[in-house]
Amino acid sequence: MDMKGLFKQDTFRDYTVRKATDQDAETVIQMIREAAGWLADKGIHQWDYYLTDEAMLEINQAIKAGTTYLIENQEKYAVTTFNLSLEQSELDISVWGNRNDRALYLHRLAVDKNYRHKRIGKGLLEWICVNSLLDDGVIRLDCVADNPALNQFYVNAGFTFSGYVRAKEIQFSRYERPLNA
Numbered sequence: 001m002d003m004k005g006l007f008k009q010d011t012f013r014d015y016t017v018r019k020a021t022d023q024d025a026e027t028v029i030q031m032i033r034e035a036a037g038w039l040a041d042k043g044i045h046q047w048d049y050y051l052t053d054e055a056m057l058e059i060n061q062a063i064k065a066g067t068t069y070l071i072e073n074q075e076k077y078a079v080t081t082f083n084l085s086l087e088q089s090e091l092d093i094s095v096w097g098n099r100n101d102r103a104l105y106l107h108r109l110a111v112d113k114n115y116r117h118k119r120i121g122k123g124l125l126e127w128i129c130v131n132s133l134l135d136d137g138v139i140r141l142d143c144v145a146d147n148p149a150l151n152q153f154y155v156n157a158g159f160t161f162s163g164y165v166r167a168k169e170i171q172f173s174r175y176e177r178p179l180n181a
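All residue numbers for the sequence shown refer to the UniProt record's numbering, where the first residue is 1 and numbers rise by one.
Some clues are possibly wrong.
Said to hold, decoys possible - Distance ranges between label pairs, derived from CB positions:
(1) Asn98 with Lys76: 33 to 43 Å
(2) Trp38 with Glu75: 18 to 28 Å
(3) Glu26 with Asn100: 16 to 26 Å
Claimed, not checked - Listed below are the simulated BS3-like cross-link pairs for lysine-lysine, each with C-alpha atoms no more than 27 Å apart in a straight line:
(4) Lys118 with Lys19
(5) Lys42 with Lys122
(6) Lys118 with Lys76
(7) Lys64 with Lys8
(8) Lys118 with Lys42
(9) Lys64 with Lys19
(10) Lys76 with Lys19
Source of the hints: derived by calculation from the structure; they are not laboratory data.
C-beta atoms are modelled at their ideal positions from N, C-alpha and C, and glycine is treated no differently.
Whole structure, please, built from the sequences with the hints as guidance.
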């Protein structure tokens with residue numbers, strides 16, 4: 001599905017949103033690894049997996065599948081990456097159950113270290129919700145249950161807590177929000 005198939009427009013504030021390509025793989029991986037290291041330094045280990053080679057293969061597969069996006073500033077510098085899909089991943093099925101409804105699944109939202117604390121993450125979540133072409137649907141995401149700051153971030157961004165679930169030996173919090181509401 002191309003950009004126009006998922007979103008009404010491809011701009012967010014002064015940024016451009018586009019699908020990542022194979023040429024962007026190094027940028028995406030670097031941004032995710034940097035975010036994973038930053039979290040680990042703060043004692044939050046939810047993204048330790050993204051420091052492994054196995055995770056890099058998963059990220060490259062998502063880029064090839066067309067579900068990884070970049071947000072670039074006017075100078076074409078990548079400031080954010082995220083993964084968004086209409087299809088459930090193996091993790092989504094273990095967290096949400098096997099669903100056949102109208103939903104987008106969000107993963108790997110990472111903001112470049114030079115753009116943190118500029119409300120890009122919260123603004124992007126709002127943009128996805130109001131800019132989606134998926135009518136009468138929801139956006140779903142999960143995060144580790146033992147990261148209170150991130151859990152509060154999703155509540156503050158208008159998401160509804162949908163319960164805890166244990167998957168892959170990790171306790172997850174589930175969040176969802178109606179699209180176009």
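Comparing the hints with the structure gives:
{"no.": "1", "hint": "Asn98 with Lys76: 33 to 43 Å", "result": "holds (39 Å)"}
{"no.": "2", "hint": "Trp38 with Glu75: 18 to 28 Å", "result": "holds (23 Å)"}
{"no.": "3", "hint": "Glu26 with Asn100: 16 to 26 Å", "result": "violated (36 Å)"}
{"no.": "4", "hint": "Lys118 with Lys19", "result": "holds (22 Å)"}
{"no.": "5", "hint": "Lys42 with Lys122", "result": "holds (21 Å)"}
{"no.": "6", "hint": "Lys118 with Lys76", "result": "holds (18 Å)"}
{"no.": "7", "hint": "Lys64 with Lys8", "result": "holds (22 Å)"}
{"no.": "8", "hint": "Lys118 with Lys42", "result": "holds (19 Å)"}
{"no.": "9", "hint": "Lys64 with Lys19", "result": "holds (10 Å)"}
{"no.": "10", "hint": "Lys76 with Lys19", "result": "holds (13 Å)"}
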